[in-house]
Amino acid sequence: MNNLADKLFSNISKLVAISVLLLVAWIFTTLVQNSMESIKALGFDFILGNKWAPNIEKFGALPAIYGSVISTFIAMMLAVPVAIGVAIFLSELAPAKLKTPVGVSIELLAAIPSVVYGMWGLFYFVPIVRDIFGGVGISMLTAGMVLSIMILPFMAAVTRDAMNTTPDILKESAYALGGTKWDVIKDIVIPYAKAGIIGSFILALGRAIGETMAVTFVMGNVHKISFDLTKAATSIPVTLANEFNEADSGIYYSSLFELSLLLLVVSFTIISIAKFYFLRRKRIA
Amino acid sequence: MTHTQKRVFINNAVMVLSTLSALVGMGFLLWILSVLVINGVEALNLNIFLNEGAPSGNPDGGLKHALIGQLYLVGAATFIGVPLGILAGTYLSEYGQKSKLSETIRDISDIMMSAPSIVIGAFVYAIVVHPMGHFSGWAGSIALTIIMLPIILRTTDDMLQLVPSTLREAAFALGAPKYKVITQVVYRGAKAGILTGVLLGVARVAGETAPLLFTSFNDNFLNTDMIKPMASLTVTMYNYATSPYEDWQRLGWAAAFILSMFILILNIIGRLFLLKKKGR
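Chains A and B are the protein sequences, given in the same order. Those letters in the first sequence? Residues 1 to 285, per the numbering used here, in order. Those letters in the second sequence? Residues 1 to 280, per the numbering used here, in order.
Think of the hints as simulated: they come from the structure by calculation, not from any bench. Using N, Cα and C, we set each Cβ at its ideal position, and we do this for glycine too. Hints may be right or wrong, so weigh each one.
[To be verified] List time: in silico SDA-like cross-link candidates among lysine to any residue, alpha-carbon distance up to 20 Å:
id : chain 1 : residue 1 : chain 2 : residue 2
1  : A       : K14       : B       : S99
2  : A       : K186      : B       : P177
3  : A       : K231      : B       : T242
4  : B       : K100      : A       : T30
5  : A       : K14       : B       : P177
6  : A       : K40       : A       : T30
[What the hints assert, rightly or not] Here are the in silico distance ranges between beta carbons for each label pair:
id : chain 1 : residue 1 : chain 2 : residue 2 : range
7  : B       : E169      : A       : Y175      : 16 to 26 Å
8  : A       : Y124      : B       : H3        : 43 to 53 Å
9  : B       : L23       : A       : V136      : 22 to 32 Å
[Stated by the list, open to error] A few chain B residues that face chain A, going by a derived Cβ cut-off under 7 Å, partial list only:
id : residue
10 : H3
11 : R7
12 : G25
13 : A43
14 : L44
15 : L46
16 : L50
17 : A54
18 : G57
19 : L87
20 : A115
21 : F123
22 : T209
23 : T234
24 : Y245
25 : W248
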């Protein structure tokens with residue numbers, strides 16, 4: 001009886017664990033299958049074409065890819081310096097009394113749903129961008145900025161965790177040699193935690209590129225490559241969120257699936273690089 | 001300027017800059033939070049909990065349909081995702097341990113935790129919505145389950161590994177079979193940790209919007225039949241906020257406030273559990 005129960009328990013749990021792998025394989029194959037029609041019909045024109053016009057069945061994803069890259073780039077450029085500042089503040093500067101409350105509130109802010117950030121962006125940030133930079137306010141620039149604010153708490157929290165891995169004894173030795181705080185940060189903490197810090201940034205990049213709701217509100221879904229950042233634009237997730245329910249033809253669906261596949265492959269790659277090359281078994285995130 | 005003065009100057013400059021960036025970062029986040037609280041509290045009233053959606057202009061419009069829909073969607077996902085996640089996590093920690101299979105499952109789950117959720121929505125659309133021919137509450141719940149699974153799996157795995165092996169050995173020495181050791185000794189030792197994982201997993205999927213857009217879709221009226229499209233707080237929030245009607249936008253803020261508070265409370269409770277455990 002016990003023997004049977006034992007076998008049952010171990011085999012069922014093993015089955016469930018393996019099903020996680022199968023699930024991921026299933027996701028990939030389903031996306032590939034559903035993209036086949038568009039892959040066959042459009043080939044590389046899909047990625048290189050810059051005209052997305054469902055009414056005449058033209059599907060070029062370049063504007064969406066361009067939008068994803070640029071909005072994420074803007075977000076990273078803005079968020080990285082602030083995140084480093086916040087992380088230095090939290091791990092080296094803040095008095096002990098402030099460390100925990102500020103640190104915890106940053107972690108809690110990372111838990112606020114991204115749709116709330118998007119809503120805030122639409123009602124409060126769009127008018128500001130419109131007044132300062134001109135245009136209608138719904139733009140690539142707004143999307144990048146809202147995205148940067150959305151990923152900031154996550155980025156700051158993991159960067160701080162990486163910095164906190166530096167053993168106190170190393171820092172204390174440097175202080176004993178007469179180093180200033182900045183000396184300790186730049187010569188001890190940053191070199192020690194370098195891999196972890198870079199890993200955190202790449203992980204945040206992987207999240208930013210797949211983020212949908214924070215940007216859908218403020219980007220406009222306009223399939224046009226424009227170097228003017230104050231113009232409305234689109235990105236891969238924004239296109240998916242806006243058009244999945246409208247798609248009416250096989251090839252339209254198929255090309256949306258191909259966009260999903262592209263997004264999944266890109267973020268899988270970025271996240272894997274962060275996790276396995278930089279963060280390895282440390283599992284700080 | 002002497003060398004020392006220069007070093008002190010640079011040091012002070014960096015200190016000021018990083019404190020400043022912490023202030024800027026916190027400032028933005030406080031701004032969002034205060035906007036959320038002010039607009040949310042202003043829009044809250046009893047009708048929101050008692051009434052279903054109404055056409056714009058009708059002052060009696062509420063969020064009952066979305067609140068109940070959200071409970072169904074997240075509840076079903078929790079009901080399926082939690083036992084599966086705990087079982088899989090148990091396998092990794094207690095049976096697979098450091099085997100190649102276990103390590104692969106851990107790695108893949110880690111990646112899945114950060115993978116774009118809208119892609120999960122597309123996947124569920126292909127396997128559930130398309131064959132069924134229409135959107136449904138179940139499709140939304142399945143998407144949320146897929147997102148929740150790796151989170152529960154990884155926290156269970158981590159938390160079970162924290163249970164000292166001497167406890168297991170003591171139980172084995174008493175002649176207990178392995179499944180009894182796991183269910184009656186290891187699970188008890190890791191109770192607080194597993195519960196925290198569940199709370200954080202629920203909090204995480206409760207805020208998901210993207211995977212619901214084309215799975216559970218939306219419904220402006222109360223529906224408790226999960227075969228049909230179902231309202232959720234997040235999708236309702238999105239639809240109302242992007243509508244041109246001010247009263248709908250107000251309801252959107254109320255939804256945002258209710259949901260965010262729910263998620264923050266779950267997070268805080270989860271943290272308290274962990275703290276309590278550490279304190280012992």
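Hints, one by one, checked against the model:
With a C-alpha separation of about 12 Å, the suggested pairing of A:K14 with B:S99 holds against the 20 Å cut-off. Proposed proximity of A:K186 and B:P177 is contradicted: the alpha carbons are some 54 Å apart, above 20 Å. A hinted pair counts as satisfied when its Cα atoms are at most 20 Å apart, and A:K231 with B:T242 qualifies at roughly 19 Å. At most 20 Å may separate the alpha-carbon atoms for a hinted pair to count; B:K100 and A:T30 exceed this at roughly 26 Å.
A threshold of 20 Å between alpha carbons decides the hint, and for A:K14 with B:P177 the separation of about 17 Å falls inside it, so the pair holds. Straight-line distance between C-alpha atoms of A:K40 and A:T30 comes to about 16 Å, which keeps the hinted pair within the 20 Å bound. Separation of B:E169 from A:Y175 is about 44 Å and departs from the stated range, judged on CB atoms against 16 to 26 Å. Taking 43 to 53 Å as the suggested C-beta distance range, the pair A:Y124 and B:H3 conforms, at roughly 48 Å.
In this structure the supplied range 22 to 32 Å holds for B:L23 paired with A:V136, their Cβ-Cβ distance being about 31 Å. About 12 Å separates the beta-carbon of B:H3 from the nearest beta-carbon of chain A, more than 7 Å, and the hint is not met. At its closest, the beta carbon of B:R7 sits 6 Å from a beta carbon of chain A; the interface hint therefore holds under the 7 Å criterion. The criterion of a C-beta within 7 Å of any C-beta in chain A is met by B:G25, whose closest approach is roughly 5 Å, and the hint holds.
Among the interface hints, the one on B:A43 is violated; its C-beta lies about 12 Å from the nearest C-beta in chain A, farther than the 7 Å criterion. About 16 Å separates the beta-carbon of B:L44 from the nearest beta-carbon of chain A, more than 7 Å, and the hint is not met. Contact between B:L46 and chain A, as hinted, is not supported at the beta carbon level, the nearest pair being about 23 Å apart and thus beyond 7 Å. The beta carbon of B:L50 comes no nearer than 24 Å to any beta carbon in chain A, farther than 7 Å, and the hint placing it at the interface is violated.
Taken as an interface hint, B:A54 does not check out: its beta carbon lies about 21 Å from the nearest beta carbon of chain A, beyond 7 Å. A hinted interface residue such as B:G57 counts as satisfied when its beta carbon comes closer than 7 Å to some beta carbon of chain A; here the least separation is about 20 Å, so the hint is violated. Against a cut-off of 7 Å between C-beta atoms, the interface hint on B:L87 holds, since the closest Cβ of chain A lies about 4 Å away. Hint status for B:A115: holds, given a least beta-carbon distance of 6 Å to chain A, under 7 Å.
For B:F123, the shortest C-beta to C-beta distance to chain A is roughly 5 Å, which falls under 7 Å, so the interface hint holds. For B:T209, the suggested interface contact is upheld, since its CB lies about 4 Å from the closest CB of chain A, less than 7 Å. The restraint placing B:T234 at the interface with chain A holds, with a minimum CB-CB distance near 5 Å, inside the 7 Å limit. Hint on B:Y245 is violated. Least Cβ distance to chain A is approximately 14 Å, over the 7 Å limit.
Interface hint status for B:W248: violated, as the beta-carbon distance to the closest one in chain A is roughly 12 Å, over 7 Å.
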